[in-house]
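Sequence lines, in order, name chains A and B.
The first sequence maps to residues 143 to 296 in my numbering.
The second sequence maps to residues 467 to 878 in my numbering.
Hints may contain errors.
[What the hints assert, rightly or not] Listed next, the stretches of chain A that the computed footprint assigns to chain B, with coverage defined by at least 3 CB atoms under 8 Å from CB atoms of chain B:
id, segment
1, 145-156
2, 181-188
3, 199-211
4, 258-270
Don't read these hints as lab results, they were simulated from the structure.
Beta carbons are placed, not taken as given, at the ideal position from N, Cα and C, and that holds for glycine.
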Amino acid sequence: MIPEIEELYQEVILDHSRRPRNFGELADAAVRVHGDNPACGDEIHLAVRFDADGGLENIKFTGRGCAISQASASLMTMKLKGKSRAEVTEMLRAFHDLVTNETSEAPKSLGDLRVMQGVRKFPQRVKCAMLPWRAVEQALEQGAGEATVSTEPA
Amino acid sequence: MHKVAASTVDWKALREDFPILREQAHGHQLIYFDSAATSQKPRAVLDALRNFYEHENANVHRGLHTLSSRATEAYEKARQRVAAYIGAPSAEEIIFTRGTTESINLVAQAWGGRFIREGDVILLTVMEHHSNLVPWQLLAERTGARLRFVPVRDDGTLELEQLPTLLTPEVKLFAFTHVSNSLGTINPVAELCEKAHAVGALTLVDAAQSIGHLPLDVRELDCDFLAFSGHKMCGPTGIGVLYGRAEILNSMPPWHGGGEMIVSVALDKSTFKKTPHRFEAGTPNIAGAIGLAAAIDYIEEIGRAAIFEHDSQLARYATERLTELPGTRVFGPKEERGALVGFVMDSAHPHDLTTFADQFGLAMRGGHHCNQPLMRRLGVSGTTRASFYFYNTMEEIDRMIEILHAAVHFFK
Numbered sequence: 143m144i145p146e147i148e149e150l151y152q153e154v155i156l157d158h159s160r161r162p163r164n165f166g167e168l169a170d171a172a173v174r175v176h177g178d179n180p181a182c183g184d185e186i187h188l189a190v191r192f193d194a195d196g197g198l199e200n201i202k203f204t205g206r207g208c209a210i211s212q213a214s215a216s217l218m219t220m221k222l223k224g225k226s227r228a229e230v231t232e233m234l235r236a237f238h239d240l241v242t243n244e245t246s247e248a249p250k251s252l253g254d255l256r257v258m259q260g261v262r263k264f265p266q267r268v269k270c271a272m273l274p275w276r277a278v279e280q281a282l283e284q285g286a287g288e289a290t291v292s293t294e295p296a
Numbered sequence: 467m468h469k470v471a472a473s474t475v476d477w478k479a480l481r482e483d484f485p486i487l488r489e490q491a492h493g494h495q496l497i498y499f500d501s502a503a504t505s506q507k508p509r510a511v512l513d514a515l516r517n518f519y520e521h522e523n524a525n526v527h528r529g530l531h532t533l534s535s536r537a538t539e540a541y542e543k544a545r546q547r548v549a550a551y552i553g554a555p556s557a558e559e560i561i562f563t564r565g566t567t568e569s570i571n572l573v574a575q576a577w578g579g580r581f582i583r584e585g586d587v588i589l590l591t592v593m594e595h596h597s598n599l600v601p602w603q604l605l606a607e608r609t610g611a612r613l614r615f616v617p618v619r620d621d622g623t624l625e626l627e628q629l630p631t632l633l634t635p636e637v638k639l640f641a642f643t644h645v646s647n648s649l650g651t652i653n654p655v656a657e658l659c660e661k662a663h664a665v666g667a668l669t670l671v672d673a674a675q676s677i678g679h680l681p682l683d684v685r686e687l688d689c690d691f692l693a694f695s696g697h698k699m700c701g702p703t704g705i706g707v708l709y710g711r712a713e714i715l716n717s718m719p720p721w722h723g724g725g726e727m728i729v730s731v732a733l734d735k736s737t738f739k740k741t742p743h744r745f746e747a748g749t750p751n752i753a754g755a756i757g758l759a760a761a762i763d764y765i766e767e768i769g770r771a772a773i774f775e776h777d778s779q780l781a782r783y784a785t786e787r788l789t790e791l792p793g794t795r796v797f798g799p800k801e802e803r804g805a806l807v808g809f810v811m812d813s814a815h816p817h818d819l820t821t822f823a824d825q826f827g828l829a830m831r832g833g834h835h836c837n838q839p840l841m842r843r844l845g846v847s848g849t850t851r852a853s854f855y856f857y858n859t860m861e862e863i864d865r866m867i868e869i870l871h872a873a874v875h876f877f878k
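One chain only, chain A, in its complex shape (with noise of 0.2 Å):
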């Protein structure tokens, strides 16, 4: 197989991707952010429970997408679920320098999210692997109640 296809596609975004993780509602949601990429049409909804101290105490989406949107929610659920507000904003910045700067190190505290490193030689695909952090971004932003954010701002 060819190099950059194994390399975007390795094979935990791909398990990720058919067996998402953290996928389902959750009852109990702070708030609820519908993320939309109007140029594919893939979807993510994204529902946060906060802790006292306003850190993501639970974390869950629904949806659908191709395999890098799918994969990364699922990978990005794991991840944040317990994260202060801080560390969450650090991992988001963290993580779209991890897909769009091409000579950057990844760094270790992004952990398994490392693999999604690949998507930084698919300039398109970028998109894709940002819409579920676009999603979390605007929950901590909201704080309570529903809103929608957009890869495409109108």
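Based on these hints, arrange chain B on the given structure of chain A.
Just chain B now, with coordinates in the frame of chain A:
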């Protein structure tokens, strides 16, 4: 594996006319299956552009010098060439635009702005490209007109039995596509025009996907407007055409103001030329029009009937072979279709599939194809589309099937 084309054209030899087909992508021989987005350009068109800039370039209709005469003559000859190509009675009925989208916007703004009132209805279909939907939404918003839609059956054809209830006297325009860019459906244009005219509605045909692929004559179709782009028919980007019946065009006000479209200008008021110059304010895409004429010459040399036969064979063969793949759903009519096939596979999302295929040199398109309402009707977020032209081959389709088999294996 496949039948040999019945026609006598040497299709393989034609590939030599397209330098880009020798390109490689990711170290593989390019297979270009995205001609519905834009076609490739034969050397004849590239040469025409170069020749114009090297020997004829000047502005049109205003200089008195030699080059200006040459440029004007070549530009107006291109208009005549387009008229003959689509069977328009007069070159005055050919307006050069930037493409299909601009042609439709011209009608929506100039014709719609003058003749559409609150309560009028524009009839469209659910399979329209956004370019034949959004301009009408904007017009409806401005005027209080309403939009109505002919539904699409599961097999990708229009629910024609609905026409008697949809085509009421309030319908002022029926605008529809000739060939669907996602389904490949070929709509019965002449029949639709006749039925629209019976209730006094005008008709606009979006010929973007048909103009370079099948024989087309506006008198036989009896449409009032026809819109298309040059770049999907071997021509350059940035040039397109609006055909309109002369009496209708001359009843429409200008839409862009500027030079070239006026008879006389005073500080407070101007008078305007007749069609087509009324609608061509500013310096037009002169080279584009000349390139389009060269594309027409090239296509006519092969023959549109032969192209249609060839492309239909490719589309039928691709449709047939795609059903071999496990968990694959092919959209659009089985029997007759334009030069494209849209499909989804259980094992891979259209974007994953097109990214995967690209690594093997296969260029396809994945997504909603500017057809979001149609995708919703089909119950998918997008499809993968392989679209063909006369320079494509059965062997390329065989290769596509191999690549898709590899994708099934990879993503499953």
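So, going through the hints one by one against the coordinates:
1. 145-156: holds (count 5)
2. 181-188: holds (count 5)
3. 199-211: holds (count 5)
4. 258-270: The restraint on the segment 258-270 of chain A holds, since 4 of its residues have a Cβ under 8 Å from chain B and three suffice.
The structure fails none of the hints (numbered hints given earlier).
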